[in-house]
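Participant: One letter stands for each residue in the lines below.
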Amino acid sequence: MAKELWEGNAAIAEAAVRAGAEAFFGYPITPQTEILEHLARRLPELGRVFLQAESEVASINMVYGAACAGARVMTSSSSPGISLMQEGFSYIACSEVPAVIVNVMRGGPGLGNVAPSQGDYFQAVKMAGHGDFHPIVLAPGNIQEAIDLTILAFDLADKYRTIAMVLADGSLGQMMEPVEMPPMRPVRKPEERPAWALTGAKGRQPNIITSLYLLEEEMEKVNLRLQAKLRQIAANEVRWKEYSTEDADLLLVAFGTVGRVCQTVVREARAKGLKVGLLRPITVWPFPSARIAELAARVRGILVVEMNAGQMLEDVRLAVEGRCPVRFYGRMGGIIPLPDEILPQLEELNAEVKG
Amino acid sequence: MAKELWEGNAAIAEAAVRAGAEAFFGYPITPQTEILEHLARRLPELGRVFLQAESEVASINMVYGAACAGARVMTSSSSPGISLMQEGFSYIACSEVPAVIVNVMRGGPGLGNVAPSQGDYFQAVKMAGHGDFHPIVLAPGNIQEAIDLTILAFDLADKYRTIAMVLADGSLGQMMEPVEMPPMRPVRKPEERPAWALTGAKGRQPNIITSLYLLEEEMEKVNLRLQAKLRQIAANEVRWKEYSTEDADLLLVAFGTVGRVCQTVVREARAKGLKVGLLRPITVWPFPSARIAELAARVRGILVVEMNAGQMLEDVRLAVEGRCPVRFYGRMGGIIPLPDEILPQLEELNAEVKG
Amino acid sequence: MQEEIIISGFGGQGTLFAGQVLAYAAMDAGLHVTWIPSYGPEMRGGKARCTVIISDQEIGSPLVRRPSAAIVMNIPSFEAFEPMLKPGGVLVVNQSLVPNRSQRDDIRVLYVPATELATEMGNVRLANMICLGALAKALGILPLEALEQALDNHLAERHRQWLPLNKQALRKGAEFAL
Amino acid sequence: MQEEIIISGFGGQGTLFAGQVLAYAAMDAGLHVTWIPSYGPEMRGGKARCTVIISDQEIGSPLVRRPSAAIVMNIPSFEAFEPMLKPGGVLVVNQSLVPNRSQRDDIRVLYVPATELATEMGNVRLANMICLGALAKALGILPLEALEQALDNHLAERHRQWLPLNKQALRKGAEFAL
Amino acid sequence: MAAKGMVIIDENRCKGCQLCVSVCPVHILKLADGRFNIRGYRPVEVTDPEACTGCAMCATICPDVVFTVYRRKVRREQPATAVATGE
Amino acid sequence: MAAKGMVIIDENRCKGCQLCVSVCPVHILKLADGRFNIRGYRPVEVTDPEACTGCAMCATICPDVVFTVYRRKVRREQPATAVATGE
Amino acid sequence: METGREIPPDMELIYKYPESLTPKFTHYCPGCTHGVIHRLIAEVIDELGIRERTIGVAPVGCAVLAYEYFNMDFCEAAHGRAPAMATGIKRVSPDKVVFTYQGDGDLAAIGTSEIIHTANRGELITTIFVNNAIYGMTGGQMAPTTLPGQVTTSSPRGRDVETAGWPMKMAELIGMLSGAAYVTRQAVLDVPGIRRTKKAIKLAFQVQLAGLGFSMVEILSTCNTNWGMSPVQALEWAKQNMVPYYPLGDTKVAEEVRALMEREHR
Amino acid sequence: METGREIPPDMELIYKYPESLTPKFTHYCPGCTHGVIHRLIAEVIDELGIRERTIGVAPVGCAVLAYEYFNMDFCEAAHGRAPAMATGIKRVSPDKVVFTYQGDGDLAAIGTSEIIHTANRGELITTIFVNNAIYGMTGGQMAPTTLPGQVTTSSPRGRDVETAGWPMKMAELIGMLSGAAYVTRQAVLDVPGIRRTKKAIKLAFQVQLAGLGFSMVEILSTCNTNWGMSPVQALEWAKQNMVPYYPLGDTKVAEEVRALMEREHR
Ligand SMILES: Cc1ncc(C[n+]2csc(CCOP(=O)(O)OP(=O)(O)O)c2C)c(N)n1
Ligand SMILES: Cc1ncc(C[n+]2csc(CCOP(=O)(O)OP(=O)(O)O)c2C)c(N)n1
Ligand code: SF4
Ligand code: SF4
Ligand code: SF4
Ligand code: SF4
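Chains as they are written, first to last, in this note's numbering: chain C, 1 to 355; chain H, 1001 to 1355; chain V, 2001 to 2178; chain S, 3001 to 3178; chain D, 4001 to 4087; chain P, 5001 to 5087; chain E, 6001 to 6266; chain G, 7001 to 7266.
Just chain C, same shape as in the assembly:
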């Protein structure tokens, strides 16, 4: 099938269309507005629902409503907008309805800037707002992955009745690459909506969707169910890519755009005779901890590279548990670390662990 050149944001939007998204509710924000703009054109022409909400708070609660009604639904935003959705995430999480969220991260904190960043890693993987839950978080490293993971997000959200988040950064949203756009899936018909959905209590008991459990015991039951679900997801859905790890002395761990930058670092390092490998998490939650622990027992040192102050770093350290030294290199404010700055870090680490 012929490749087409797609911009990341448009590609994510079109992937949602192909995945059978029935509705999109969102609010403009750079650097992901092209997602909304693409869907503003596509969904209505396909007779599906596009609505520009008055805010991100409204967006996420519209998503919540549409999800309760059993529709495949999505919203997208960038860092500040995602912060505004935290309460909604928590309600959706507790109600166990499926929803797809795209966060094209920008430089923060605050209004920050519109340059690429990975500053929202913690916010994405450690929680869905308040309370004990977190979404499935998929971190594409190129546009083909962005497409495939957007579609996967819809499937995982449905399968586990949870939030699936595509966590990208501004550069991925705006770059172009040749990709294969999958064929259009049929949209689910109203009568095919899930049995738990709010479709009118015709010939059955009413369906109730709530996140309120006044009795502690009930609330704990719900939490135990949610935790069991998270364990199940952790067991089934961990995904990652490895590059030249077979014989690696040193391991790079990086996700998203920096992850692909590190692919170049691996090549250049090996050209210089450094036996470097790369593990690029595709799911940052669930995190490939077990595999990293294995590798940690084999390599002499690990360098984590991120576009933030060191967030995934904690998950790597939790996996490594002291088995080998873990170092960090990061850039912030929207700067993408380039191979020529990462390489010296590797050399330093190499010197350190060799000596």
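It should be emphasised that the hints constitute simulated quantities derived from the structure, not laboratory data.
Only a predicted model underlies this, so the values are computations on that prediction, with no experimental measurement involved.
Even for Gly, the Cβ is constructed at its ideal location relative to N, Cα and C.
Do not take every clue at face value.
The calculated label-pair distances, taken between Cβ atoms and stated as ranges, are [stated by the list, open to error]:
(1) 5074/P x 41/C: 56 to 64 Å
(2) 1242/H x 322/C: 20 to 28 Å
(3) 7211/G x 6230/E: 52 to 60 Å
(4) 6259/E x 184/C: 41 to 49 Å
(5) 1188/H x 6239/E: 42 to 50 Å
(6) 183/C x 3066/S: 39 to 47 Å
(7) 7256/G x 6156/E: 25 to 33 Å
(8) 6239/E x 4039/D: 26 to 34 Å
(9) 2145/V x 6156/E: 31 to 39 Å
(10) 7247/G x 3084/S: 55 to 63 Å
(11) 1188/H x 7211/G: 49 to 57 Å
Keeping the supplied structure of chain C fixed, place chains H, V, S, D, P, E and G with the ligands upon it in accordance with the hints.
Facilitator: Relative to the frame of chain C, chains H, V, S, D, P, E and G with the ligands by itself:
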């Protein structure tokens, strides 16, 4: 000085008054509404500012404004309301203005219930909304501490120009204990407001407070400054309490209400001949990692107890880095674990590490 | 010395206030004390209970599963706590609303027709003080005077006129613990 | 084979589009390619540049500090990239707007009076295609036909009428790389 | 002569708020004294069933849907619930 | 006869939007051709200074505060900036 | 339900328990008008025969458990966001009847933006707005609708209009928006008012069924518990104090709705 | 600034660069009316002599960098929250003059709740509301104020009032709130309109100085870039299309304000 019997919420509110809070902006939510109600009476009678905002989003942005004007200001809420403040936190963090936030946690996720919980630990210590920052987080274990830490929160917020959060749970908010309420501090006069504050550009260059830095390099500079500040706080402000750790074989780590429950567990365990100690973090960020690492090298095992699914657990594991086994016991949904359920966990751990 | 006391009943029966009087008295006596309430979901009525812990050393857990003493002002409360009471503990039962009898021989049970007596005294809301009097006397950790003092010092202005009757109620209750 | 190309100028000079034409041509030639833009804060005008990487293997970093080729359409761009170009690299300079001359002898520099030529051809906006033609020819990784094909296949409807002129512009630029 | 109307009271739903008592035009509703329903409320009672007009005012104001109301048939028919809305 | 008014143009502030050109009542403003200011815009120029009436319309509509305007003194005094508001 | 009492044959059933309510006991305080309003909505849904295709959205407020009492599909929204949630539901299920049930804190404070934009878009949903001039569930704090001088736990000296502003007239505000087809203010403070309120609720649902636009019924209600009165006193207080400030009647009746009304009266 | 040209002695200065603006070049597109409005505000602040005690609150929108251009204390609010931020500032600094500068996405979409409650409380602040019928900064998406049929990047077939509702008339809506003392709609589309707008802005600040309540000036403006027109065409388009839908003039003038106006005109 004679002790008085105070309810936790009212005590926190009165402590803020004594600390010289000039203004409070908030929105009712159980189980902390008594804070707002106490201040609705006290602040106006002292000629200070009380305003019930239309929402938590408005509250935090009013706090942001008052803080920019150089006033000592506070808001309080509970889990869902705190989620709605995440964007505001991020702006305040980046703008480096001081603000005090009280989160009296309730059962979640979602609307959950109004019973005590520690489910927002991650949200509190890992971030202030989007981007790379987190507030100082103080976790009182009794009402006297709630008072003292509320006052400390104002001082730390001012000192570091950051968010200082008092992280309590519903039971602490509603219980009563004899305490010593400190004397009233004089409120800062308008002319004593900090030099960076927005007080009108009279005879000086305008003061600008923003969180927007379009150029990546500038944004990174700001982030580096923020990270340096966090390191400085981490170096200066770690606080914790220890109980019978001198000769402990097993270590309990717990904060807040569970922390005090564990004080009883220590007594009862020792009565049963188990050499158990307790470390109760007072600051959960910065976290007493160094001290826990020391103890981890000495004890045979650690049991972390929380009113959540295991959040502080990660910070403990990051500190321990595999030096000794770390186990977890938690209750959710608003249930406070009692000594008689924690003790068996200790005995299990003891058997495990002894064998 | 540590006593863990639960006072439990319907909302409106004054169980929380009774607990506070106890807490005030303990505080004024220089003891450590914690008072912690728990409510049902209802706005009005429904369960209302508090746990009061009095100790001569710093108090850890403010909650206990097995109290050393309890006042039960309605049937659900009796059913909840009678079995949980620690051996040697004291149970005060508001006989007027709780027909149940305890089968346990390892605790001391005081059956007090509190609601009836209170009604006789002219205000049904005095039942809580009657039960409290009985409990305090039976426990003997605090003299009745201490509770009266607590009432003097801490009874809300708008209830002042009830001060004497409240004190009478305490004494009447105490008689059941003789 | 891997070429890292930067095309840089003011907004409105068509640098981003030139990069896309290159990317389309590379894609149609079955090569790996990435196109990534970067803008200034201004809504309009201001810097507009893109990095195009063309390779016969999977592309890692979509950005480079030291490009192997560059088109600079204004002075700031010349100053930014002339020094950074890899030895052996190709630099196309829009002479009409950039008076600077390169002092480097380890790179190939093509000075093209693109804006003037474009104006002669009747549309100043053709300057980008002229520079692109020169670059493509000099690099020699893609035949001019490939770029023309790319224009045929991907030029937006509303610009179709400019197709012939765009192709001419490519060829005119190519002449500077002979 | 037989009552024009008749109400059936679902005692255990009653919360003794007395709204019905306050609107009954013939003043035949009052709270039971000394008697409590399973939820601990004194339920409402009909003091004089014969006097009931079946006006359904009690049912109209009762927040807890305690009443079922009957009325002796009259000439022109009416849809059942419509009456509750007084049409 | 001498001009009734006079404008001073801060060329580098000009973005060449032509709003002033469109409002000048005596049509003496136009963009310079071939000439660019430091920000790359063709700045506005006065074609016939003598004709300027000092009406300050250009200054009133200019988004970039390019103009300073003078007017030959007239009988009744007026507060300086007030004129920009046409009072 | 009481039984064993047989019904004389010449008695006809005038009022019975609505099918659209579950048999559950409510958690509302004795005499709370939430119960009356629940009943009216249920009666209307019964009469329109739409129970099996109606989806309700409960608020955060005392009515948070409404889904326990209504016998139909229901969900529970975040505080103030019911209109957004209802929008999401209706947009993907246009054949369903969707309504929100909201208090004054929920709708007029934290939910201001959502209700205004939902109304302005003319979403085909119906909103039942219970104005009891206070925050009930959280124990009686000031609401945007609290009356001037009214004492609440967060306005201990009475609402001071200087610092807290005047009570907001939501029916008037929402009525101004083009997307709103039918907006009215009613009161359930006495039997005639309750009957008028039911008519209004019915019309509001009919407006939705006819696809004419957004409809809202603001209902003046009581919170005897937090007002510190008996239920009967509370009705009286509301009549004396709320009705004068909040005029009863329609604030918006679109042309098509007027036509609908006339058809109804024939 | 051009120099070397000496001024004839009989020439008097009619217009000069306002002190309340910094000399910085703005980032606004050529011909963007944001620049005109900035200038008017600066002139008013100069004339009132309040620069040294004025605190501005910038929005998120094209005017996000306003603090670079105004020569006074300034802060930058979260998107839509400027009124809340201004409330916080004013409450703790009642002696200062506080104003917000907001676009239509900022004020009429995400910030709806904040502006309405701030106005209703009668906060003593002034809001300058720039209505250019589109989201400028993010590249031209539909705003609540976008006209029916108007094509934007998020309404590619033109705003469909069936699904997106009708454009919101904020001046009318805010004018309804008791706390609002002075609310008006003006336009900077031609010289006379610009002069009237300046008068309105001046009055709005005077209302704040006199402590009469909340004041807001809605200003019909252009976004030639995202409308895809020349600056001059944009002014014309706005006159043809916006002014008819958004009637110019005052929507709220409190009694005390009327008195103030009269005093002004004497
Ligand atoms: C985000 C959030 N903020 C605050 C609350 C607390 N809260 C629950 S109900 C309520 C207000 C209830 O008042 P109203 O809407 O008038 O309904 P009523 O209880 O009076 O029927 C509040 C503030 C919450 N649950 N969530
Ligand atoms: C929470 C949040 N949501 C969205 C954005 C993205 N955003 C920036 S400006 C803007 C709207 C600008 O439009 P308007 O308010 O009309 O001002 P204009 O640019 O037209 O002057 C948006 C949606 C943001 N920065 N923050
Ligand atoms: S109105 Fe209903 S609940 Fe109230 S007393 Fe009468 S029957 Fe009982
Ligand atoms: S209005 Fe101002 S900016 Fe525009 S062209 Fe005229 S002088 Fe230049
Ligand atoms: S608190 Fe008020 S609103 Fe809530 S149930 Fe009780 S009376 Fe009704
Ligand atoms: S985008 Fe529009 S509003 Fe923004 S500066 Fe340009 S013209 Fe002005």
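Participant: Give me the numbers of the hints this structure contradicts, sorted from smallest to largest.
Facilitator: Of the numbered hints, 3, 11 do not hold.
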